[in-house]
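Join the two chains, each given in its own frame, into one complex according to the hints.
So the sequences go chain by chain: V and Z.
At position 10 of the first sequence the residue is numbered 10 (the numbering used here), and the sequence of numbers has no breaks.
At position 117 of the second sequence the residue is numbered 117 (the numbering used here), and the sequence of numbers has no breaks.
A couple of the hints might just be wrong.
What the hints assert, rightly or not - Computed list of lysine-lysine pairs in DSSO-like fashion (alpha-carbon distance at most 30 Å, straight line):
{"no.": "1", "chain 1": "Z", "residue 1": "K104", "chain 2": "V", "residue 2": "K344"}
{"no.": "2", "chain 1": "V", "residue 1": "K56", "chain 2": "Z", "residue 2": "K150"}
{"no.": "3", "chain 1": "Z", "residue 1": "K38", "chain 2": "Z", "residue 2": "K104"}
In short, the hints are calculated from the structure, not lab data.
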Amino acid sequence: MGGNKDEGQEKAPLAGVLPEDILREILLRLPADALCRLRLVCQPWRSLTSDPGFAKAHAARHPLIAGLDRTRCAVHIVDMMSGRVLRRIPVPLGASQRHCTDLTTAQPGLVCVSPNRGPSFAFDPVDAVVTATPTRNAAGSGIECRSILGLVPSTGHHKVLRFQLESTNAGLLVQRCLVLTLNGDRRWRAGPRPPVIVDWHRSGDRVVVDGVAYFLRRLLNLRDSANVDPDSIASFDLATEKWRPTTMAGPASSILARSGDTTKLSQHKHRLQFQLAQLEGCLVTVHHYRDCSMNLWFLVDADKGIWDKKYSVQCETRCDMSHVCDPPHPLVILGDGRIVFRLKGGVIRAYDASTTMWADLANLQGYPVLGLHQGSLLCS
Amino acid sequence: MEVDKGKGEAEETRKVAEADRDTVTLKSSDGKLFEVSKEAAARLSTVLAGMIAGGSIDDNGTDLKQIGSEALENVVDYCNKHANSIPSAALISSSISFNTAPFKEPEEWERKFVDRLSHDALFDLVEAANFLGMERLLDVTCHKISEMMKGKSPDQIREVFNIKNDYTKEELEEIRQELAWAFYDD
Numbered sequence: 001m002g003g004n005k006d007e008g009q010e011k012a013p014l015a016g017v018l019p020e021d022i023l024r025e026i027l028l029r030l031p032a033d034a035l036c037r038l039r040l041v042c043q044p045w046r047s048l049t050s051d052p053g054f055a056k057a058h059a060a061r062h063p064l065i066a067g068l069d070r071t072r073c074a075v076h077i078v079d080m081m082s083g084r085v086l087r088r089i090p091v092p093l094g095a096s097q098r099h100c101t102d103l104t105t106a107q108p109g110l111v112c113v114s115p116n117r118g119p120s121f122a123f124d125p126v127d128a129v130v131t132a133t134p135t136r137n138a139a140g141s142g143i144e145c146r147s148i149l150g151l152v153p154s155t156g157h158h159k160v161l162r163f164q165l166e167s168t169n170a171g172l173l174v175q176r177c178l179v180l181t182l183n184g185d186r187r188w189r190a191g192p193r194p195p196v197i198v199d200w201h202r203s204g205d206r207v208v209v210d211g212v213a214y215f216l217r218r219l220l221n222l223r224d225s226a227n228v229d230p231d232s233i234a235s236f237d238l239a240t241e242k243w244r245p246t247t248m249a250g251p252a253s254s255i256l257a258r259s260g261d262t263t264k265l266s267q268h269k270h271r272l273q274f275q276l277a278q279l280e281g282c283l284v285t286v287h288h289y290r291d292c293s294m295n296l297w298f299l300v301d302a303d304k305g306i307w308d309k310k311y312s313v314q315c316e317t318r319c320d321m322s323h324v325c326d327p328p329h330p331l332v333i334l335g336d337g338r339i340v341f342r343l344k345g346g347v348i349r350a351y352d353a354s355t356t357m358w359a360d361l362a363n364l365q366g367y368p369v370l371g372l373h374q375g376s377l378l379c380s
Numbered sequence: 001m002e003v004d005k006g007k008g009e010a011e012e013t014r015k016v017a018e019a020d021r022d023t024v025t026l027k028s029s030d031g032k033l034f035e036v037s038k039e040a041a042a043r044l045s046t047v048l049a050g051m052i053a054g055g056s057i058d059d060n061g062t063d064l065k066q067i068g069s070e071a072l073e074n075v076v077d078y079c080n081k082h083a084n085s086i087p088s089a090a091l092i093s094s095s096i097s098f099n100t101a102p103f104k105e106p107e108e109w110e111r112k113f114v115d116r117l118s119h120d121a122l123f124d125l126v127e128a129a130n131f132l133g134m135e136r137l138l139d140v141t142c143h144k145i146s147e148m149m150k151g152k153s154p155d156q157i158r159e160v161f162n163i164k165n166d167y168t169k170e171e172l173e174e175i176r177q178e179l180a181w182a183f184y185d186d
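Extracted from the complex, chain Z is given alone in its bound form (with noise of 0.2 Å):
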């Protein structure tokens, strides 16, 4: 008992400090660490609120394999910034009926806030997102990506999605002869 006292106190110590501690360390696929607020965590990620509720953080950072380094610094970066941002209320009100719900408009910072990012980011961020269950993120990363897509060519849709054209020049002609309407110019 007395040998282990110190190595103990230790023990307690630390854990007292991890559940004071107001923020949790998550630890990307490549390794990198990112501190986030445990509070935004919790509220803006059903999986992180569950890790967190569960005991299941690390301290010395949660291995998040799924998602890599660039993509975890933008949903922490999320985080960060709606922590100061918007009062969990609405954000509990949107996500009641999101199965059905028309969609949210996304805030003024959300929109600049994912405007900035590549493609590739964009798509990267959108699974993180829906991988730990980010409903407010997902859903303005979706809007987004469905922004993006309006007004371009299905060439341009193929590229930026990574498609093979699996069409016959026939079959394309019939699909365009099927709904001439949604082919108009207004």
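Extracted from the complex, chain V is given alone in its bound form (with noise of 0.2 Å):
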């Protein structure tokens, strides 16, 4: 024990009365702008609560939210288990942009919001520096600005989506696309059409998983819904740019194809309506029934399309109607591994599939937009 004085002085001064595996347990329990407080206590304090490590341990405890306030001309950091706010960015609108409709994230902790029209904004919350997209060029002159952040995991690059409809002159919608690199040369590129029509309004359209942007294709008219299936999926590489030439089949259509079913998927009995999420790395297609029940598809293998039901999720009734227009969106599995929800106007609930129950977590209703912010307070 007389060997380990020079140890036990070096340890000393860092927790003071206790050791440092037993302090780090005890201040990963405290809140992000607590922990940013006890920043000045003394300098091991601040090393540890700002250590990477740290940071991430912490943010898997204490998930947040990333939302569009009430007046949508702010950003709020909500720690989702609360809903208490911890921090609140202004975002600098120009004079022509009225107020924000959008807001995706992008690990590591970047947000990016998209107002009426003009440039977007994407910051990470730590430093609350924004970076203003460039103001369109002759690349694009549509009406539409809401943009789609993702990372490039391999040079951990983010780029930017738009994307704007637009009539030919025989009366046929085109959709174009256009690519932003985050920080490079601030010009919009025309990207390359998508093989179909893509939706891309709702947070339930659009998921950036691992380099790739899924998008839900979009029904254009009855005729058309009759003739498609609607959970085909369509998928742009970030790194390359370029869409797959062909789309996915969705879980359940791939099911039906499988099964010898001719009967497209819309003609179907049960009248079905689709999400993509991302949980776990993995895109999710998420199936919402008529009787507020839903199933979760995780994709297992892209090449050969193959999904795996884990998730059979039974809403409480109270969700009733408003299943259909507005529902529930998958945002995380926590450690526990209940799956936290956003539910109708931004109740933020987490299911139990080992007990069926639901508990509430946080009321985030005046939140328009909200979404997983994929980082953490303490350190970018």
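If you want it as structure tokens, here you go:
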């Protein structure tokens, strides 16, 4: 024991009376704003709470939501478990920009908001330094300004996608796609056209998983919806900036195809609604049924089109008809296995598949648009 | 053989008695003895479970040189209270995903159990829980300490944790500026 004198002296100042591993366990329980204030205690506490490993462990236990507040002119970072607002970041809207309409997030900790027109804004809430996307150049002249943010894992760059729908002289709809590398050459590039016209407006229409942006196929009219599978998914590789030439069959149509059933999915007796989501790094298709139940299908193998139905979730009756117009959207799976959903209007609830019980987490009904913040407030 | 018979029998009896006993005796660093339910000790402490399974429990008091008598008394008290309180299934499921799961709230009695402790007693207990691999007690004590830290000024924290301020005034001001958002009052 006597030989450890030096070691003991080195350790002493960090936690004072407590060893570092115990101090770490204690600090992991405090919210991010309290930890930032505790950085005033001493330098070792500041280093511990700024460490990326600590920040990652903290984020896993205190998931955060990024949401547009009621005014749609500021982004709030909210503690998912308590609903407490930790950070408010005003969006530096231009003179012609009324408010924001959309918000997307990307690892590590980047948030992108899109106003009704003009440039979008991206920032990391740790330093809240906002980057505005360039004003559009000749590559695009449409009015649609929603920007979808995604990380390219191989390079660490962030890219932003925008879409436009235009009518040709012949009356056909054409979808254009614009790509921008954030902090790159600040020019929108004209990307290739998607293989089908895709939806991109709502959070369930699109999702970026591991450098690939996935989109649900848009159903343009009734005749169309009778002939195509509404769960078809188009995918865009953010690194190569190329669309996969064909759409991928969703789980429901794959199963119909495999069973030899020739009726189209849309004619099937259970009318379904579909959403895309990302859970545990997987692309997930959510099937919503009329009876307020849903199935969560995880993409296991994109090339072979193999989907795995990991969860069947029964909603509580209280969400009834709202299920059709504002269906629950899965945000994240917690460490204890519960799945967190955003429900009607912005209520955050957790579903425990082992007990089939729901529990309230936070009421974020004041937030018209929200998403999982894929980062931490402790370090960027 | 004849000569040793008496002793051998006694030994045998003692061993049987030990195996049958439903308590184990623990000895603190300052030599005090405490009895604790064997079942609860094995269930709540990975270290004691290992010692019981490995037969390294000393009937005359198993030495726990790292733990003082006050902390050990609290540990034993906690084990005995726990023995009558929560089914083990709840504990097992709560410890599986310990690393990333949202923290479980302490039970009412656990809250009361740690509420009555002084800061120093709490710090000794958290270290004892850590040393004995008592996940649930570690959870409860860490929770209590984190609650106790809320709303305290840096000065008060330094006093409780016995920490020296190693910042200059300028450095403190710099941090306040950098993290201004965290210092707003709601």
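Okay, the hints, checked on the actual structure:
1. Z/K104 to V/K344: holds (27 Å)
2. V/K56 to Z/K150: holds (22 Å)
3. Z/K38 to Z/K104: holds (25 Å)
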